[in-house]
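Undergrad: Residues per chain, in single letters:
2 protein chains.
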Amino acid sequence: MLKEENTQEILHDLGEQEILNRLRKYMDYGQIDDDTALIKSYKKELIINTDMLVEDVHFSEITTNPNHIGWKAVATNLSDLACSGLEEVIGITVGLSAPSSTPWSWVDGVYTGIKAALNKFGGKLLGGDCSNGKQKTLCITALGTKGPLNLHRSNARPGDYLITSGPHGLSRLGLSLLLSDPITKSINVPNLLKEHAIKAHQEPQPPIKALQTLLKCKPYAMPWNAAATDSSDGLLEAIESLCRSSNCTAVVDHKNLPKHADWPSGKQWNDWCLEGGEDFELVVSLPPNWAKAWLKAMPCTKAIGRMKEGPAKAMWSNGETIQKAMDTKFEHF
Amino acid sequence: MLKEENTQEILHDLGEQEILNRLRKYMDYGQIDDDTALIKSYKKELIINTDMLVEDVHFSEITTNPNHIGWKAVATNLSDLACSGLEEVIGITVGLSAPSSTPWSWVDGVYTGIKAALNKFGGKLLGGDCSNGKQKTLCITALGTKGPLNLHRSNARPGDYLITSGPHGLSRLGLSLLLSDPITKSINVPNLLKEHAIKAHQEPQPPIKALQTLLKCKPYAMPWNAAATDSSDGLLEAIESLCRSSNCTAVVDHKNLPKHADWPSGKQWNDWCLEGGEDFELVVSLPPNWAKAWLKAMPCTKAIGRMKEGPAKAMWSNGETIQKAMDTKFEHF
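Chains as they are written, first to last, in the numbering used here: chain A, 1 to 333; chain B, 1 to 333.
The hints are simulated quantities; they were obtained by calculation from the structure and are not laboratory data.
Wrong hints could be hidden among the right ones.
To be verified - Mimicking DSBU-like on lysine-lysine, the simulated pairs with C-alpha atoms at most 30 Å apart in a straight line are:
(1) A:K44 <-> B:K40
(2) A:K40 <-> B:K209
(3) A:K40 <-> B:K43
(4) B:K115 <-> A:K115
(5) A:K324 <-> B:K134
(6) B:K43 <-> A:K124
(7) A:K115 <-> A:K44
(8) B:K324 <-> A:K25
(9) A:K134 <-> B:K115
(10) A:K44 <-> B:K43
(11) A:K120 <-> B:K43
Said to hold, decoys possible - Derived, one-sided and incomplete: chain A residues facing chain B with beta-carbon distance under 10 Å:
(12) I47
(13) E88
(14) G91
(15) T93
(16) D129
(17) Q135
(18) S241
(19) N318
To be verified - Sample of chain B residues with no beta-carbon within 12 Å of chain A, all distances over it, derived:
(20) H68
(21) N132
(22) E195
(23) G266
(24) P288
(25) K313
C-beta atoms are modelled at their ideal positions from N, C-alpha and C, and glycine is treated no differently.
Please work from the sequences and hints to get the whole structure.
TA: Written out as C-alpha cells, the structure reads:
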C-alpha cells in the first residue's frame with residue numbers, strides 16, 4: 001500500500017505540458033495544439049452555461065469517485081441546457097485546478113467520466129485549461145444549439161399545470177446511504193430504491209429525453225413557449241424560481257408530490273423530496289392541453305399542482321405557504 | 001480603519017442569491033433569471049477558449065487590484081481568440097470562487113474590470129456561476145466568431161518571416177517595478193518605459209488591431225492561411241510552439257529582438273524580452289510578401305527571424321540553440 005502511494009504519479013511530477021499531452025486522447029485531434037477550439041457553424045441560436053464545482057462544497061471523494069465527479073459535472077451543465085430548450089449538445093470546455101500533489105489518476109478519472117457523459121449525451125470536449133490550486137475545482141462551460149421551444153422561467157401563466165419529469169429526493173437519499181446516515185438504517189429502505197438513489201447521486205441523467213417528449217407533445221396551435229427550470233437546487237427552489245420570474249403563485253398538492261414508488265412516508269422523506277436537491281428533473285409550467293399530452297406520453301412525469309394569480313410564492317392546496325424545512329439551502333457561501 | 005473593516009460587507013453576509021442579484025447590473029436583462037444564456041445565430045464558425053486563473057498562481061493582490069484582475073482575465077482570453085483569427089467577440093462566461101470572507105467590493109471590482117474590457121473589445125457578459133472556495137479562482141470562457149483567416153500554430157512553412165506585433169518583456173518589467181525589485185533600481189529606467197511596463201502588466205491589450213491589420217495586408221493571391229500564437233507564456237515559448245506544431249526550425253536574429261525603444265541592455269533584460277511572459281502580442285509566421293506588407297502597415301511589428309527546414313526548435317542566427325534562461329517556465333504545477 002505504502003509502495004503504491006510512493007510510486008503514484010502526481011501532477012507536480014508531470015508539469016503542465018505533460019498533463020496537456022496526456023489529455024490529448026480525450027480531445028478531437030489538433031485542438032490541444034491551438035490556442036482555441038474551432039466550432040463549425042450551426043446557423044442556429046445557441047445556449048451556454050457555466051458551472052463552478054468545488055471540492056467539499058459541491059463534491060466529496062467520500063461519496064463520488066473521480067469518474068462520478070466528471071460525469072456529474074457534465075450532467076449538471078447539460079441539465080441547465082435541457083431546461084432552456086436544448087436541441088443538440090455542441091460540447092464543453094473544462095477548467096480544472098488541483099493541488100500539485102494530486103495523483104494523475106484523479107485527473108484521468110475525472111476526464112474519463114466527462115468523456116463517458118459526452119459519449120452518452122453528445123458533444124465534444126472542446127478544450128480547456130488546467131492550473132495548480134489549493135482546492136480541486138472544476139469549471140465546465142457547456143454550449144448547445146437551441147431548438148424551437150422557448151423555455152424561460154418567466155413564461156408561467158395562471159391556469160398552467162405544474163409538472164415534474166420524474167421523482168425527487170433520490171440523490172439526497174443516495175448521499176445519506178453513501179454516508180451511512182443513521183436515518184437510512186432506522187427504516188427498511190427497499191433494495192431497488194437504494195440502487196436508484198445511489199445511481200441518482202453518482203450518475204445523474206440530464207432530462208434530455210423528457211425535453212424531447214415535451215416538444216413532440218405540443219398541441220399544434222399553441223405557441224412554442226413554456227416555463228421551465230431544473231431541480232438541481234431542489235424541487236421547492238425550482239417551483240419558487242418559476243413563481244418569482246413569472247410573478248404568480250404555485251399551488252402544490254401535497255398528495256401529488258413526485259416520489260419514487262417505494263418512497264417511505266414521514267417528514268424527513270417529504271423534506272428530501274421537496275428540498276433534497278441535485279435531482280436534475282424538469283420542472284415545467286404548461287397550459288392544460290399540452291400538460292395532459294405530456295403526462296400521457298411520459299409515464300414518469302407527475303402533475304404536482306397548478307399556477308394561479310397571486311404573490312410570487314409556493315403554497316399547499318390548503319392555502320398554507322410551503323416553508324423551507326432543511327438547512328441545506330444550496331447557499332454556496 | 002478598523003471600523004471600516006468591520007462594516008465591510010463580505011460574501012458570507014450576502015449569500016448566493018444576493019450576490020447574483022447584485023451581479024445583475026453587469027448582465028443583459030433577463031439572462032440571470034434563466035438557467036442558461038441565449039446567443040443569437042451567427043451563421044459563422046466560432047472559436048472558444050477557457051482560462052483558469054488562480055490567486056497566487058496567476059494573479060496577486062499586491063500588484064493587481066480587483067479591476068486589473070477582471071480586465072486581465074478578459075484580455076488573456078481575447079488574446080487567445082485573436083491569435084485564432086477572431087472576427088467578433090460574442091461574449092464570456094465567468095466562473096468565480098472565493099472564500100466566504102471575501103469583501104463584496106472585491107467581486108464588484110473584478111466585474112467592473114471585466115465589463116470595462118468587454119466595453120472596449122466587444123462582447124457581452126453571458127452569465128456564469130459563483131461558489132465558495134478556499135482560494136480566489138476565476139474561470140473565464142470566451143466565445144467569438146472566426147473571420148476568414150485560418151490561423152493555426154501548425155501553418156508555419158520554411159521561408160516564412162517570423163514577426164511579432166509588438167515589444168516584449170514589458171509586463172515582466174511592470175511586475176518587478178510593482179514589487180520594487182532591486183534590479184529596477186540598479187539601472188535608470190526611463191519614466192515612459194515605467195509607465196508602459198506597469199500598464200502592460202495591469203491592463204494588457206489583446207492584439208485585436210494587429211490581427212485586423214494582418215487581414216487587410218494579405219496579398220490577393222495568397223491563401224487565407226498563416227501560423228500564429230500569442231506570447232502569453234513568453235516570446236520564446238511562443239516561437240517554440242510554432243516550431244513544434246509546424247515541425248520546422250526558427251532562426252532568430254539576436255539584434256532584432258522586439259524591444260521597447262527605451263529598453264536597457266544586459267542579460268536580464270534580454271531574458272525578460274524572451275521569457276518574461278504575459279506579453280499578449282501576436283507571434284506570426286508569414287510568407288515573405290505578406291510579411292513585408294504587414295511590417296509596412298503596422299510600425300510596431302518587428303521581423304525577428306525566419307523559419308527554415310529542420311528540427312522543431314528555436315536557434316540564433318549563429319547556429320546556437322536558444323536556451324531557456326529563466327526559472328519562470330509558466331509551469332503552473
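Undergrad: It remains to establish, for every hint, whether it holds in the given structure.
TA: Comparing the hints with the structure gives:
Proposed proximity of K44 of chain A and K40 of chain B is supported: the alpha carbons are some 7 Å apart, at most 30 Å. Taking the CA atoms of K40 of chain A and K209 of chain B, the gap is about 25 Å. The hint holds against a cut of 30 Å. Under the criterion of a C-alpha separation no larger than 30 Å, the hint pairing K40 of chain A with K43 of chain B is consistent with the structure, at around 9 Å. The suggested pairing of K115 of chain B with K115 of chain A is violated, with an alpha-carbon distance near 33 Å, which exceeds 30 Å.
At most 30 Å may separate the alpha-carbon atoms for a hinted pair to count; K324 of chain A and K134 of chain B meet this at roughly 28 Å. About 20 Å separates the Cα atoms of K43 of chain B and K124 of chain A, which keeps this hinted pair within 30 Å; it holds. Proximity of K115 of chain A to K44 of chain A is assessed by CA-CA distance (about 25 Å); at most 30 Å being required, the pair is judged to hold. At roughly 29 Å between alpha-carbon atoms, K324 of chain B and K25 of chain A fall within 30 Å of each other, so this suggested pair holds.
Restraint check for K134 of chain A and K115 of chain B: the C-alpha separation of about 28 Å stays at or below 30 Å, so the hint holds. Under the criterion of a C-alpha separation no larger than 30 Å, the hint pairing K44 of chain A with K43 of chain B is consistent with the structure, at around 7 Å. Straight-line distance between C-alpha atoms of K120 of chain A and K43 of chain B comes to about 27 Å, which keeps the hinted pair within the 30 Å bound. The beta carbon of I47 of chain A is positioned within 10 Å of a beta carbon in chain B (closest approach about 4 Å), and the interface hint is therefore held.
Checking E88 of chain A against chain B by beta carbon gives a least distance of about 14 Å; that is not within 10 Å, so the hint is violated. Because the beta carbon of G91 of chain A sits about 8 Å from the nearest beta carbon in chain B, less than 10 Å, this interface hint is met. The closest approach between the C-beta of T93 of chain A and any C-beta of chain B is roughly 4 Å, which is under the 10 Å cut-off, so the hint is satisfied. For D129 of chain A, the interface hint holds, the least distance from its beta-carbon to any beta-carbon of chain B being 4 Å, beneath 10 Å.
Taking 10 Å as the C-beta contact cut-off toward chain B, the hint placing Q135 of chain A at the interface holds, the least distance being around 5 Å. For S241 of chain A, the interface hint holds, the least distance from its beta-carbon to any beta-carbon of chain B being 8 Å, beneath 10 Å. Given the 10 Å rule on beta carbons, the hint for N318 of chain A is violated: about 28 Å separates it from the nearest Cβ of chain B. Under the 12 Å C-beta cut-off, the non-interface status given to H68 of chain B relative to chain A holds; the minimum distance is some 19 Å.
A Cβ of chain A approaches the Cβ of N132 of chain B within 12 Å, the least distance being about 5 Å, so the stated non-interface status is violated. Listed as outside the interface, E195 of chain B is consistent with that label: its C-beta sits roughly 29 Å from the nearest C-beta of chain A, beyond the 12 Å cut-off. Consistency note on G266 of chain B: stated as away from chain A, and its beta-carbon is indeed over 12 Å from all of that chain's, at 29 Å minimum. With a least beta-carbon separation of about 24 Å from chain A, P288 of chain B lies farther than 12 Å from that chain, consistent with its non-interface assignment.
No Cβ of chain A approaches the Cβ of K313 of chain B within 12 Å, the least distance being about 15 Å, so the stated non-interface status holds.
Violation of the numbered hints given earlier is confined to hints 4, 13, 19, 21; the remaining hints are satisfied by the structure.
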